[in-house]
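Chemist: Next come the chains, spelled out residue by residue.
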Amino acid sequence: MILLWYILIPAVAAPLAWLAGRRSEVAARWIAVAGTAAPLALVAGQWIAAAGTLGETFAASGPGAAGLVAGSWIADLKTAWIESLGISFFLAADGLTLIMLLLTFALGLLAVLCSWRGITQRVGVFHLMVLWTVAGLAGVFLALDLFLFYFFFEMMLIPMYFLIAVWGHERRIYSAIKFFIFTQVSGLLMLVAIIALVFIHGRETGVYTFDFTQLLGTPMAASTAFLLMLGFFAAFAVKLPAWPLHTWLPDAHTDAPTAGSVLLAGVLIKIGAYGMLRFMVPLFPGAVAEFRTWALVLGVVGVIYGAVLAYAQSDMKRLVAYTSVSHMGFVLIGVFAWNELALQGVILQLVCHALSTGALFILVGGLQDRIHTRDLGKMGGLWQVAPRMGGTAMFFAMASLGLPGLGNFVAEFLILAGVWQVSEWAAVLGAVGLVFATVYALWMMQRAFQGEETHGLRFADLTKIETGIFASMIAALVLLGFWPQPLITTARQTVDGLQRMTAQSALAQPADPGEAAAAAAETETAGGDEGGAP
Amino acid sequence: MTILFYIAAAVAVLATLLVVTRRNLVHALLYLVVSLFAVAVVFYTLGAPFVAALEVIVYAGAIMMLFVFAVMLLNLQAASPPRVPWTAWVGPAVLVGVLLAEVIYALTIETQPLAGAEVGATAVSEALYGPYVLAVELASMLLLAALVAATHVAARAREDQTAASVERGRAVLHGQGTASEPGVIVEEGDA
Amino acid sequence: MLSLLWLIPALPAAGFVLLVLLNRRLGRAGAAWIGAGSVGLSMLAALLVCGSFIVSPPAGDACRQVLWTWMDVAGFTPAIGFYLDAVSVVWVLVITVVGFLIHLYSTEHMEHDEGFTRFFTYLNLFVFSMLVLVLADNLLLLYLGWEGVGLCSYLLIAFWQKDPQNVYSGRKAFIVTRVGDTALIAGLFLLLTQLGTLEIQPLLRAAEQTWAPDSTVAVVAALLILGGAVGKSAQVPLQTWLPDAMAGPSPVSALIHAATMVTAGVYLIARTTPLFELAGDARLAVALVGIVTLLIAGFSALVQHDLKRALAYSTISQIGYMILALGVSGWEAGVFHFGTHAFFKALLFLGAGVVIEALAGEHDIFKMGGLARKLPAVFVTFTVGAAALAALPFVTNGFYSKDLVISTTLGTADGNVWLYVGSILGAFVTTLYSFRLVWVVFFGEAHTEVTRRPRWRQTMPLWVLAVFSIITGFLWLPAWIGAFHPLEDFLDTALPPIEWTGRYAHFAESAGAAFVIILIVYGGIFLSYLLWVPWRRGTHAFAASPVVRPLAAFWLGGWGFDWLYERVFVRPVKWFAHWARHDLVDYVVDGIAWVNLAGWRTLSAGQTGRLRSYVAVAGFGVVLVLAVVVLR
Amino acid sequence: MASVSLEHALILAAILFAIGFAGLLTRRNLIVVLACIEIMLNAAGLAFVAAGARWGQADGQVMFLFVLAMAGAEVAVGLAIAIRFRQSLKGLDVDDADRMRG
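Protein chains in written order, with this note's numbering: chain A, 1 to 534; chain B, 535 to 725; chain C, 726 to 1357; chain D, 1358 to 1459.
It is possible that part of the hints are untrue.
[What the hints assert, rightly or not] Simulated crosslink set (SDA-like; lysine to any residue; CA at most 25 Å straight-line):
1) C:K887 - A:L462
2) D:K1447 - B:L607
3) A:K78 - A:L8
4) D:K1447 - B:H686
5) D:K1447 - C:Q1332
Read the hints as simulated data drawn from the structure, not as lab findings.
These numbers were taken from a predicted model, which means no experiment stands behind them.
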């Protein structure tokens, strides 16, 4: 039942914020804070409560639909919705969903906080849109019924469009429309694939249903499976964004308000990766195995292309947007590597990327509010003007180039280690992408914060709210860098489940590093000894 | 009889050519009347005396008169149309030539003699009020609609003219004439 | 006492955190106390722990301390744990001792700099990362330290960030080392996939058991590790960043770019000796890299005008010696040379710092001169350092370590005559450029006035380092002098001892080889005296002659590597980035939109509004239809 | 009567139609345009009558009657428009009325 609350609270808070906004802006902001903080607390509570069960390995045995017994979810809610079409209102949560919900509400809260002073006109409607997006996102992560998933997938598109189109910057209309067309068209491709899948399943088993757990393992010809997979891949590749379909992201980010950018970079992008993990690969493992080489190529090109282009940008926000393209390239190759190392890396990357890129966007937004420009050419030497902001920017630049000791490095290391087992060249090129990441991160730091202060800019350093936001994100990233285990244990159950679902197909790994490690472990216990703990 | 057909045909073609090429409007209309008479003779040679008569009465008599009235009403003498270079004819002539060639080529595949029997007014009226009675009613409704439309459009034209001239008159009185009429009273006549 | 091991890296980390949090509220004194204090305490802890390790070595001559499991994914369970054995004891002692002295020196050297607190923050972070690097018990944690020191070197090179040139040098350093790190991380992936774990000791044992000697996977893994070492230790081909790294303050150059960070590569190769023992070709590659680097850097140092750049090239050259020693499996010789080099190179850089500060930031050595009387303390200590660098026989530690390295190039199984000749030539050139600095900087007539006198906090470290530069040599006397080599026995517990099994092993160990080096060194000193004191004008004329000038310029620019990399790597990327800055794919997307617009524009042009054209088009349609009907 | 073949009549109708059509394309005066339309309608009527004569049936002539009626209606409305045209566009040039331009 609690799952429903996750969607309802922001959904209800949205109109309230709008109504309150008409009278006093502060009321609207506080309602928005409540609308995101309450579910955040709920999720955190559920996560801690579920910590026990998440620990032990996955109980269910056997692949395919059988593997996914009802008991394996932490919580699920299934009621009939449109009986005639076999559509059910099926929400379910497991380790991965909890992490993504935590991320959604946390970033929703941050988005509201960081626009406390930035957004002044039409505050009520703004918060309506933000909360509506958060509700849509929560729905996407919880939905297990393909139709319901598609419903939320499209629902959260509209508020994001308005967020960009109304409160955006210079070319907001162009960017908003471009964003909308890209996502809408690819979404429709996915819808076609879903419906085709349902009919194939219906013809095979006589049961017409959109329920994911039953659609799993539908027998179909390899070529149709490949086509359906491409349909899903199109939608998620645009959302991800994968290399050729990424051009909407820089525009959408450059012209979105700070809150919009945080939500967009923080969570909207993650739907692409989440969709691939949850739906695309388990539904069509054979097709994914066939498509793997191409996806690896796209991912690696995305990594390097995104990094080089980030270096070429003169608009700071556009630069950060291209870094997301580069980081999501890692996620793409991680998903298609499909072994436990890579998948844990992908899930960790989703969280860390949201934090580091979200922080960079808040920073750039704050900078824009102060000096009313995003053009790196007009900045320079801002470290003398705002040392705290400079230090924070340095930290998050280091996070985005994957400095060890921060969460991003652990994620990227796991991804590349997992990808190495599938194809060496992809891992090496991914590692080369890290070099380009260093180039753009340091280039951004030099042009914005280091060097001589020539433009006579004088502005206040970070405010209380901003310092609080950044401090929490810095703490989270360092914690994930040195102790990512809680996240890994939470996601282990999901990753095991996903591996089991695709155990039969060509995707499964012949030799898991686990076995090799076990062999090495014997030799180790024989030799070295354990030093005393402090 | 066939000689009469070919003479009338030649006259019709020549008259029609002149209709289309005359500069002066009234001459064109009169040549059109000649062409209609020639066609009426052709009808007669084809054994359709009733239709020939009709052609003369309705077509030449009524419709052409409408044309002439219109020309008189619009008082076109004043605005003679600008000289159109003959080269303007080249495009349409080519298109029409090709069209004519195709039709003639299609028709000359094999010739079929006419029945030769004359179809008088009685046969036509029997057919008219036999199977085609519904069509006749429709035709009458069509004419009624045209009547209403024509009067409505023409009437509106009349009102506007008067309203426009009244308007201009008031402007002149208050001295805010438009650029082309700087407040001087313009005598009526064609606007 | 060994359980305090975790305290050694923890103290600088605590210092760093304190400095970051209390940044504004701390005055200069507070920052100095916390900054230098934390490293000082870490030194004490290190002395205690290492002392007890040396006095009563634990079981298995190593102790491992696990703080917590870093991550546990699919059987891959790296831990945040520290591993102390003979090799890491040497490194820890050097880092903490030299580090503390340099911190003390910086409290005065950086006194007038407004970024005082920020300097100590970065310095503490550096010491923490370096200690984590040398104490890490698994390669992933080592990589964390590895990148951490890379970051700190960037931050500290670009410390005076007002000048874009410094920031460029910092960026260059970080990116070039990052290229090397890519090779290292690829090596990590290979090892993880093949051997299942990254914990160093089990990994090495598993490698010895599962990999056949000279098998391709062993060679590839070793080469990848060499790639990482080459990047971080500024060896050919990735050495271009070190000379530019001199843009940072002198204590930074002393600590990072002389004593500790640049030797990380040497530590990595020393730490993974079993891997290199499995891969003969890789060892050859290491030796080649070493010999080539030491010669190139040596000759470049000979022509430098900038005092610190000359010392930077000399550092590259000396590390070339260490890598050469590792290449001919003289592991302990490399470690010993690292130990001695750290002291005298740090001394030289600190001395240079004082000299530059005294002459109000003058870097060009030919504008210095006659400082012997004005800065006596610096003169004496600098000369001791230069002597150690030149390996002045019997008195300096450099002699003992370099003599050992040169003899291993001949004595061990992998050694060969060419490596020996090359290292002898390198030794000669080293002597030339080290004493060139002494003669030019401290003798001849003074060109610039001395404005600032160093006080005790700068001179005391110089004296201490000078003393160390002398006594540390006696830890490993060569066989023909005496049997006193405690360092060798201590290192034998962790590293395989040097086997003198090469063809000329007997000669290499004998006094004969040492005599050759003594001859070379004295000859070099005397020649450099001649060239740069009596015949200085002649030397300058010779250097300016049309034949020699292009060669000198070529050497000055670091043998054209910078020129080459600029054209081969930097420009294409910059060109592509500029060319594709509006995102090529965007052109495709906008192209689709443009096609629609173009279609609309052409079609709407057809709507002329004139009735006659529509009728004409209709007529044309009829003609076409008729044509089809008629002609078919 | 008998020797006039259907084709000759139809060819005549085609010629008249063609001339009318050419005039329609070229002439710019609205009245002449209407006249040309009349010519084309008349030609069509001729074709109907010729066809009717071919089979000796009355249908041809009945169709001519309808063509006639339609022509009359068409002219009436056409001329009314012509008056309106003249009044609002100050001339009868067909090309002036191109406000429907794309």
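Chemist: Confirm or reject each hint.
Modeler: Each hint tested on the structure:
no. : hint              : verdict
1   : C:K887 - A:L462   : holds (21 Å)
2   : D:K1447 - B:L607  : holds (14 Å)
3   : A:K78 - A:L8      : holds (16 Å)
4   : D:K1447 - B:H686  : holds (20 Å)
5   : D:K1447 - C:Q1332 : holds (23 Å)
Going down the numbered hints, you'll see the structure goes against none, and every one checks out.
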